[in-house]
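Trainee: These are the residues of each chain, in order.
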Amino acid sequence: MDSDHDGGVAEGKKEAWPQARSRQEAGQDAPAAIPASVQGPAAEPSGTETETETVTGRGMAGLSLPYQVVAALALSVIGLLACAQVAMVFLHVSPSNTLTKQHGEAVDDWVYPEFEQNWKLFAPNPLQQNIAVHVRAEVVGAEGRRTTGWTNLTHEDGTAIRGSLFPSHVHQNELRRGWDFYVNSHDSENRSNGLRGDLSERYIRRIAMLRLSERDHGGTIERIQLRSATSSIAPPPWSDEKISTRPAYRVLPWWTVDEDDLPAREAERDAAQDRDAAHGVEENR
Amino acid sequence: MTIPPPTGSQPTGSQSTGSQSAGSPPVGAPRSRSGARSRSGGLGNGLAHALQRITASALGPYQSAVVRIGFAATYLFFLLRELPHRHELYGPDSPWHWDLARRLTDGNEAFSVLLWTDSTLWFEAVYALSLLSAAALLLGWRTRTMSVLFMVGVLSLQNRSIFMGDGGDNVIHLMAIYLVLTRCAQVWSLDARRAARKAERAAAGLAPLRDVVGPVLWAVLGPVLMGATLMDGLGGTWWLTALLWTLWLSAAAWWAANRYAPHGEPRTLLDVLANLAHNATLVVIMAEVCLIYATAGWYKIQGSRWQDGTALYYPLKLDYFTPWPALSDFLAANGLMVMVLTYGTVAVQVAFPFTLFNRRIKNVLLVAMICEHVGIAVVLGLPFFSMAMIAADAVFLPTAFLVWLGGRATLGRRRLLSRLPGRSRADDGTDGADGPPESRGAGPAKGGHGGPEEPRLHGGGGGHTLVG
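These protein sequence lines map, in sequence, to chains R and H. Numbering of the first sequence is given in the numbering used here, commencing with residue 49 and proceeding in unit increments. Numbering of the second sequence is given in the numbering used here, commencing with residue 106 and proceeding in unit increments.
In short, the hints are calculated from the structure, not lab data. Take the hints with a grain of salt, since some may be wrong.
[Claimed, not checked] Using 30 Å as the maximum straight-line C-alpha spacing, the simulated DSSO-like pairs for lysine-lysine come out as follows:
| # | chain 1 | residue 1 | chain 2 | residue 2 |
| --- | --- | --- | --- | --- |
| 1 | R | LYS149 | H | LYS422 |
| 2 | R | LYS290 | H | LYS422 |
| 3 | R | LYS290 | R | LYS168 |
| 4 | H | LYS467 | R | LYS290 |
| 5 | R | LYS149 | R | LYS168 |
As the structure is a computational prediction, the values presented were derived from the model and not from experiment.
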C-alpha cells in the first residue's frame, strides 16, 4: 500500500493518486487534486518520479519553519485579497447601502476600471420600447442643395441581424449603445454634461456618417440631423392593457459635418479629390 | 508553530514525511504524540488538514481547465467572426475614433496596448496576437504566458472600444484577468502532456530536455514589459503593473528553482504559493458567477413585469434581439408559456447561489441554466454572451462528469484520427494512457485529455466536486 518512499505528504495527495494497486482506495473521500507529476505547466520534474511527487505535492507539511512562516504570511495576504475582491465586487453591484454611502469612493477606486460590471440584464424591467435612430442629411450636389428623407438606421441594423446565427457587434451594439451613451450624457435640452457628452456627440456623428457614406447621395453631405423614434411594444394579446404604440420623437439639432466626422476612407478620398481639384483634374461624379 | 502533518488512516505515510523532507527538522511528531493530538485536537487537525490540502494541490483542476477552454474558445470564435469587421470595431475605421478612446481612457485609467499608437500595422499585430494567444490558451500551450497575453489582448481590444461591448464581453473581461492567476492547464492541455513526457523521461533515467521556448518567451516579453512600464503604457492602475512584473519575475524564480534546486524548499514554497493563488482565485471565480446570477435575479424580482410573469414577452419583440422573428413570435404567443419561463428564470437565478451546497440540486439547476443560455443564444441572437456564461457556469460542474467528458473527447479524437489515412493506431497509443498501468505517476496522467477510456474518478466514488 505504501508505494512511495516517503509515503506521500498529505493523505489527500496520496489518495488522489490512484495507482493500479491502490484502486481499492476508491471508496475514500479524495480531493480532486492532480497527481504531482503533472502539476503545473512549468513544472519540470527532474530526477526520479517519486522525488518529483515529493517536491510538487508537499504542501505546507513539506516545509521547514521559516518557509512555513512565509507560506502562512502568503496565505493571509492572498486570503485577504480574495475576500476584499469579493466584497468590493459585491458592494459594486449591490444597491446603494450604508457602506457604499460612506465608502463608495473606496469601492469605486478598487473596482474601476477593469472590474466594472453590471448584471442588471433586463432588470428590473426589460426594455419595453423599440428605440429607432433616424438620420437625414442636407446634401449639396450638382442640382444644388436638398434635404434627404429620414433614413432608419436601426432598421438597417435589424435587417443585418435577421437570419444571422452570429450577429456582429457592429450591428447589435454600435448604434444602440452609442445612442444610449448620448442620451445618458445629455439632458433633455441636448446639452452636454462634460467630457462624456462631447465624446458621445462626436461618436454618434461618426456612426451616422459611416452609415450614410455607404450609399451615394448625389453630392457631399454638409449637415446631418438625428432623431430617435421611441415606440412602445404593443401589449401581449392576452393582456387587457391599453398602450399607445405611436412613436415619440426626440429630434436633435442640425450638425454641420466636419472632417472629423468622416469615416477614414471618405476623409482620404475627399483629401485626394481636393488635391486633384487643386491640380485642375476634372472629377466625374 | 510547526504544522503537524495530517494524521489519518495512514500513520506510516505521515510519519515518514518529516524524516524525508530534505534537510529540514522533522515536521512530523512522533507517533504517540500525534496519536494523542488526533484524539484531543479534532479542530486543530481539521484545520491542519485543510491547510495542507490547499497548499499541496491546486483544487478543481478539471473545472479550471474547462473554464480556460470555454473562455479561450469563446473569444477565439468571436475574434474570427468579427475578422471582417475588425477595423470598424477596434481599428482605424472605428467611429469610436482613436482620439476619442485616448481621451476617455486618460480619465478612467483603463489599459489598452492599442492606445500606444494608432498605427494600422500595430492594430493588425495586436489582433493577430490576440487570436494566437486565444488559440494557445485553448490548447493549453505555455499557459502561464499565454494566459497573460490573452488577458492583455482581451483588455486591449475591449478597452479600445468600450461601447461596442455587451454582457458577454464583460464576463470575458473579468475571467481573462482571473484565469491568469489559476493553474488551469493541469489537465486537457499540451502543457500537461509535456509535463507527463518529462516525467516519463525522468523515470526512465534520462536527463530532462532543455526547455528553449519558455526562456525565449520570457526573454522577449521582458523588454516589452520594461518598455511599457517606462513609457507608462500599462494604464493607470498600480495593480496591473505589479501583477505583470510579479508574474515575469516569478517565472524566473521557477526556472531557477527547477534548474538549480529542484528538490529544495524554495521550490516547494513556490509550489505552495502557486497553489494558494490558484485556490483563492477559484473561490473568487465561483463567487463572481454566484454574484452574476444573484444580482440578475434579485434585481429582476423588483420589476413589475417579472412579477406579473410577462417579462419574457418584451425582449422577444425588440428589434435588436430578434434574429428569427417567426420563432420569437411563436414563443411570445402563448401567455402561459411566457409566464412559466419568466417565473422559471427568476427562480433559477435567485436560488442558484444557495443550491451550491447540495450537489443534486446544483446539477439540476446547472442543466436548467445551460439550456436557458442556449435558448438565449439562438432566440435573442446573443451566442457569445451565452457561450461565455456557459463557460463560467462550468466551474461548478461535477468532476466525475468532466472526467467522463474528457474520456469521450479522447475517444472521439482517436476515432477521428484513426480514420485519417496514413495515421496508424500506434500513434495514439503513445499519448494515451495505454502505458502499463502500474508504471508511475505519469501513467494515467499522460493523456492530459482524459487518459484511459474509462472515466477516472481519482478515487472518489461519484466524483468530488468543489462544493458539496
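Trainee: Decide, hint by hint, whether the structure agrees.
Mentor: These are the hints, each one checked on the structure:
no.: 1; hint: R:LYS149 <-> H:LYS422; result: violated (38 Å)
no.: 2; hint: R:LYS290 <-> H:LYS422; result: holds (17 Å)
no.: 3; hint: R:LYS290 <-> R:LYS168; result: holds (27 Å)
no.: 4; hint: H:LYS467 <-> R:LYS290; result: violated (42 Å)
no.: 5; hint: R:LYS149 <-> R:LYS168; result: holds (20 Å)
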